[in-house]
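A.B. asks: Two chains, two frames, a set of hints: combine them into the complex.
Sequence order for the protein chains is W and Z. Take the first sequence: its position 133, counting from 1, is numbered 133 in this note's numbering, and each next residue is one higher. In short: position in the second sequence from 1, add 399, done, that's this note's numbering.
FYI, nobody ran anything at the bench for these hints, they're computed from the structure. As the structure is a prediction and not an experimental result, all values here were calculated from the model. Wrong hints could be hidden among the right ones.
[Stated by the list, open to error] Sample of chain Z residues lacking proximity to chain W, with all beta carbon distances greater than 12 Å (derived):
#, residue
1, 405
2, 417
3, 431
4, 433
5, 439
6, 456
7, 465
8, 480
9, 484
10, 489
11, 539
12, 540
13, 541
14, 550
15, 562
16, 598
[Said to hold, decoys possible] Calculated cross-link-like contacts (lysine to aspartate or glutamate; reagent style EDC-like; alpha-carbon spacing at most 16 Å):
#, chain 1, residue 1, chain 2, residue 2
17, Z, 435, Z, 513
18, W, 112, Z, 517
19, W, 112, Z, 521
20, W, 142, W, 114
21, W, 145, Z, 532
22, W, 112, Z, 532
[Said to hold, decoys possible] Which residues of chain W face chain Z? A partial, calculated answer using Cβ under 7 Å:
#, residue
23, 84
24, 113
25, 120
26, 126
27, 130
28, 140
29, 141
30, 143
31, 187
Just so it is clear, CB atoms sit at the ideal spot from N, CA and C, and this is done for glycine as well.
Residues per chain, in single letters:
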Amino acid sequence: MTNFPINNPPISHSPVNNAALNSRPNNKAPQLDLNIRVNYQQFDLAIELAIPLIGITGIFGHSASGKSTLLRAIAGLETSLRGEITLTDTSLPSKTLVSRTLVNSEQGLYLKPEQRQVGLVFQNSRLFAHLTVLGNLEYAVKRCKNNRLSLDEVIKLTELGALLDHRVNQLSGGQQQRVALARAILAEPKLLLLDEPLSALDRHSKTQLLKMMLNIQKQLSLPMLYVSHSLDELQQVCDNLLVLAEGKVVNFGNIHQVIHQLNNDTNSDIIHQQTSLSLPIKTFNNGHGLTALALNAHEDIFMVCDQTFAQQTQLRCFILASDISIILTEPTNSSIVNHLFGTIKQINHQQNNVLLTVHCGSQDFFVTISAFSQQKLSLTIRQQVYLQFKASAVRTFIH
Amino acid sequence: MMNSDLQALITTLEMAALTTIILLIIGTPLAWYLAKMTSRFKVIIEAVVALPLVLPPTVLGFYLLIAFSPEYLPGQLWQQATGQQLAFSFSAIVIGSVLYSLPFVVQPLQKAFEQLGDSLLEAGALLGAGPIDRFFSIVLPLTKASFITAASLGFAHTVGEFGVILMIGGNIPGETRVLSIALFDHVEAFDYARAHLLSISLLITSMVLLAAIYWLNLPKKTAVRI
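Just chain Z, same shape as in the assembly (with noise of 0.2 Å):
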């Protein structure tokens, strides 16, 4: 693998590690509010966050493309904030990303919740447990195979994202050029000795991963019994 192919991997791993951090952070609360809301705009919120498996990478990146610009407020306020520009940095890629792959950490999650439900929470709470405490204490350690499969789906579709990093990341080496816009670019060159090096890479850790979480998903002997 060549210098500037190495560079793609390290620049997608850093942007999938932080990516899936995020999605963590901010799709698990989202996910258990999903899964206990009652609200009819329950639906609502749930098709914005299945939008990315719908829409084509291009369109989000096209309207982040314009978000993201200095024209706008959320490019102006990022400008403001960090004093560089967003549009073609790191952190677009990131944020992007975090857009794109939001369903894949949030749906099974969510779904995770859903068939905890609320008795053994209710148990927790008599025996005096506050809700921080219950989440890590209960919901944690029973639904730590779809944290996994979480973790594991929006770290392995982040690593496969190309539109939308296209449209607002551009194609600078160490910055936004990952291993997707490598590839593209070494077809465009018809270097194809290196495109086939690059994509049986990506073709056989993407295997490997998803086999990993099928993996411990199998149905353990020791199911969750309420």
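Next up, chain W with everything else stripped away, as it sits in the complex (with noise of 0.2 Å):
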């Protein structure tokens, strides 16, 4: 198995499951085994993974990444698999870890998708147009064997409660995929794959299923994998990120760190180079309309303060690096509200640009600056500079 190193554990969204990172690997913690070969004429798919079930992973790549092809493979829905796939789980309600063979290629074991308590949400919702919005919700509770969710309370969860006796096709893509992801939960499986669930919606439908997909989260949890190519909403929702390019793994540990791993790949043009960031909110609103998040004990970043935030202790945020200015004295007379003074630890030359990691308390912040600027402030590793950037360059994608 490659094992990433996942050095911090992430901030998790469900409190039980940094434990269960801890203990890895003895191999008792719930966890996704894979070991499997995908072989098609023009694409491989080649993966060796351990992955915590924790939280939210992401799935992040190119399209013809295997992003897809990975979720079918775990679903039971790839048949020209080869290889391993061992599911362990919290089995309830005694509560104790079990771990079910989904495939094994050598003793000719595939289990079929509808034995694997394997969900799936597809990019578009495949409802079915014979049923109306309950009857879709229903034909997932006829076919569970447990029983333990009620309907009201997914019905509730998933905001659907008005929609019951429309016919799925007179709903929007929205709410199509609000159905779909009901309809997934109530087959009760002990893993959840969305695949590019939000790609085909607009921006407030996106932002109210992430919320939605974060609180279902939360309140069964219910790990889910989730594939997308918008690192904007990986990055709300993930506690982890596997990244994955040509059918092979790349990358996969913590999202924040996994996303600034990627600033530094010089070959990808894949991400927009960023600080990604989970703090704590300090104070919601400090009377001039902006909200201060605690970046450590000392020192607090300011964004622009937003309702939904009141709800929220802590917040996901992302700086694009082209966000962030250098300057070699602490600026005092500048509209701009964020300074922070730090120690530049690796500069990385990239065509005409100049991506800097400077090293800010304990957290490590990301520039980039022109080439000319670079030479212009003969800036040199070690040396010491203040970062400064609007409220407004702090950004959530959720809001």
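C.D. replies: Written out as structure tokens, the structure reads:
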């Protein structure tokens, strides 16, 4: 098994999971063990990885990187698969860990999709057009063996109460995906796979569904694997991130660390270089429309206040590297509210730009400046500098 | 309508109904298999199924007559199993009709299954539905119109059958004498009045049946969206 180092436990959405992560690799934590190969004429997928089933795990990569194929393999829809897939999860009500082999091609074992207890929400909702919304939900309930979840509870979680009698083709794209999500949950899977469920939706529906996914994950402690080509979405909800390219694992680990490692990936233009943060909210509104986030015991970051922050204690946010600038002396007469003192840790030349990694307190920040500015300021490693960025440069996808 | 014509009508309806039921039972799995098949032998099976569309019915009838006769294996086996001769029996014309009307049932079903695709079946499987469950809970309700078309076409085509029945059924009242054969008899006997009566009733029945099929297949507002 390739174990990618996860140095810091992710800031998890469900409190029980950090303990599970720490107990690795003695194989006693809920996890998905993959050692699989799928060969097509144009494309090979080869993945050997143990994915801890913690919160939401993002799967990111270009199109044709094998993201969807991986999900289909786990779900049992990819029949030309060789290798082994084992799902270890907590069996209720005894709360003991149980390992189930989903596939073992050497032993000729291949569980059918209907036997795997793995749910999948597709990009197109794939609702049954001959049934109403309620009919679609009941389809899952009727075939569920456990019936631990109440239909009413799931309808409430997915806000479908007013739509139950509607025909599914009368619904908007966002509503259809909510029905698909509710239907998948009602089958009470041990693992929920999400294959770009938001890609066809508008921004408003996207944020609504992301919040819903987070909430459902917390309420039901349902581990999810979430495939997306949008890093902004993944950054908001995922604890760990798996990056695929050409059917192989490029990186796997804590979401922020993996995003930061992608910043320095010179041959990839797959992301906007950024500093990805999970920070506690210190003051929701300082009286001037700014929210203060605690970077560490002494320093705060200010961002533009949003009403929805009022209900949260923790915030996922990111600052694009191009939104931060460098100044050699402390700016005291600036409209820019965020100033951080730090030390240059790394200088990475990329065409006409320079990517600086600046260590502030215990946090690395990523800054792109022009090669011209770097020469003008003659910046060197271990040099002490100030970072400055506007409150509006601290962004969050969900609001 | 005279008594003998009424008897021919009853024989015809019995034959067509039984044929349609048998066709739905064997035609559905065959159509499913063809819709999902990717092997290159698919075209050969498709050609065999479509053969009755182009073959003169008398050719099919001729070979069936030989096969059903007690000198050949199928006829022998039948006689051993039932104690009766297969050729010139009601069973013979039902078997002949099943083969003759096969494409009219298999082709619309195959097309419907191909159009339905795999996406909804995958969704059903992931919700815990097994293959038989998926067929009855997803495939059947979503392809209902095609089943009605297939059954109606199979039934109508069997009612209109002549050549095959003439070859393998002969003209035994109450057993193998169907409407089309009775009509042929009347014409041969220059009894044009009875021939007219039978012809017009067959014509109107077929017309009504076909109109009903096309009406059922009108595009609906609730089209399948996948």
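A.B. asks: Hint by hint, note whether the structure agrees.
C.D. replies: Results for each hint:
| no. | hint | result |
| --- | --- | --- |
| 1 | 405 | holds, 42 Å |
| 2 | 417 | holds, 30 Å |
| 3 | 431 | holds, 17 Å |
| 4 | 433 | holds, 19 Å |
| 5 | 439 | holds, 17 Å |
| 6 | 456 | holds, 38 Å |
| 7 | 465 | holds, 44 Å |
| 8 | 480 | holds, 38 Å |
| 9 | 484 | holds, 48 Å |
| 10 | 489 | holds, 39 Å |
| 11 | 539 | violated, 9 Å |
| 12 | 540 | violated, 4 Å |
| 13 | 541 | violated, 6 Å |
| 14 | 550 | holds, 19 Å |
| 15 | 562 | holds, 41 Å |
| 16 | 598 | holds, 41 Å |
| 17 | Z:435 x Z:513 | holds, 7 Å |
| 18 | W:112 x Z:517 | holds, 15 Å |
| 19 | W:112 x Z:521 | holds, 11 Å |
| 20 | W:142 x W:114 | holds, 13 Å |
| 21 | W:145 x Z:532 | holds, 15 Å |
| 22 | W:112 x Z:532 | holds, 14 Å |
| 23 | 84 | violated, 21 Å |
| 24 | 113 | holds, 4 Å |
| 25 | 120 | holds, 5 Å |
| 26 | 126 | holds, 4 Å |
| 27 | 130 | holds, 4 Å |
| 28 | 140 | holds, 5 Å |
| 29 | 141 | violated, 9 Å |
| 30 | 143 | holds, 4 Å |
| 31 | 187 | holds, 5 Å |
The structure fails to meet hints 11, 12, 13, 23 and 29 from the earlier list, while all remaining hints are met.
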